[in-house]
Structure formats: structure tokens, C-alpha cells
Amino acid sequence: MVDNEAGPERSINLHFSPEIMAGTYANFANVSFSDYEFTITFARVDHEVEEQEIPGVVVSRMNLSPQFAAELSVALQDAVGRYSTQQGIRNLPESDA
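Residue 20 in numbering that gives the first Met the number 0 sits at position 21 of the sequence shown, and the numbers go up by one each step.
Treat the hints with caution; some may be incorrect.
Label pairs and their calculated CB-CB ranges [said to hold, decoys possible]:
id : residue 1 : residue 2 : range
1  : S83       : P7        : 21 to 27 Å
2  : S33       : L75       : 30 to 36 Å
3  : R43       : M20       : 29 to 35 Å
4  : A21       : G55       : 31 to 37 Å
5  : V58       : E93       : 39 to 45 Å
6  : N62       : N26       : 20 to 26 Å
7  : I19       : T40       : 38 to 44 Å
8  : S33       : G6        : 23 to 29 Å
9  : E52       : P7        : 53 to 59 Å
10 : E36       : G80       : 42 to 48 Å
11 : E49       : I19       : 32 to 38 Å
These are calculated hints, taken from the structure and not from any lab test. Just so you know, even glycine gets a beta-carbon here, dropped at the ideal spot from N, CA and C.
Given the sequences, and given the hints that come with them, work out the whole structure.
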């Protein structure tokens, strides 16, 4: 992490409990916002159900400042772009040369 202001390079040292490190699976997200914050609700839903109402359970909810939501959006776009590039390289046909 490089501070945009003049100063030394800094890094963040994060520690995880085993429960947090295990992570939580979600296959659905809903994003809402107000004048003050963005809220992302993550859920696990059963897409194989053919009924009108799809069952699901909320697994996490995050409230973010607008500035952090914008920074997260840029970081996600960057990560998805790098992922797509990596997958594209993996899927190139083999060359006989």
C-alpha cells in the first residue's frame, strides 16, 4: 500500500480467527444505498427451485461508506480483469511450434 501523500510505504497486517478464515459462501448479492452508506447483503439461494419464490438465507451484510464502496468497485473490476486474462491464457490452444 503506497500512501498518495508524501511518506513511507505502509502495509496492513491482518489477523484472522479460524472461523473468519474459513469464509462464508454466497451466490447472490443485493446492493442498496442511501445518502450516507452503501449496504451489500450477501445470501445463499437455491437456484434449482422452480417455484415462484426462491428460498435463500442471508449469510452476511456489510455497510460501506460511499468512498469505500467506490474503491471496492475499482478493486473488484481490477481483480475480475486479471482473472479473465489469466483464464484466457490458460485456455489458449496448444501450439506445435
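Problem - Whether the CB-CB distance between S33 and L75 falls inside 30 to 36 Å - result: violated (21 Å)
Practice task
Confirm or reject the claim that E49 and I19 have a C-beta distance inside 32 to 38 Å.
Solution key: Holds: the Cβ-Cβ distance is about 35 Å, inside 32 to 38 Å.
Exercise for the section: Please test the hint of 38 to 44 Å on the beta carbon pair from I19 and T40. Expected result: Cβ of I19 to Cβ of T40: about 19 Å, so the range 38 to 44 Å is violated.
Handout entry: Outcome of range test on Cβ distance (V58, E93; 39 to 45 Å)
Key = Cβ of V58 to Cβ of E93: about 41 Å, so the range 39 to 45 Å holds.
Problem - Outcome for the supplied range 42 to 48 Å, where the beta carbon pair is E36 and G80 - result: The hint (42 to 48 Å, Cβ to Cβ) is violated, given that E36 and G80 are roughly 27 Å apart.
Handout entry: R43 versus M20 beta-carbon gap, inside 29 to 35 Å or not
Key = violated (19 Å)
Handout entry: Hint check for G55 and A21 - Cβ pair distance inside 31 to 37 Å
Key = violated (20 Å)
Problem - Beta-carbon spacing of S33 to G6 - inside the hinted bounds 23 to 29 Å or not - result: violated (34 Å)
Practice task
Can you let me know if the beta-carbon spacing of E52 and P7 is within 53 to 59 Å?
Solution key: holds (55 Å)
Exercise for the section: Kindly confirm whether 20 to 26 Å is satisfied by the beta carbon distance between N62 and N26. Expected result: Hint holds: Cβ distance 21 Å, inside 20 to 26 Å.
Exercise for the section: Starting from the range 21 to 27 Å, see whether the pair S83 and P7 falls in it by beta-carbon distance. Expected result: violated (34 Å)
Comparing the model with each earlier hint shows violations of hints 1, 2, 3, 4, 7, 8 and 10; every other hint is respected.
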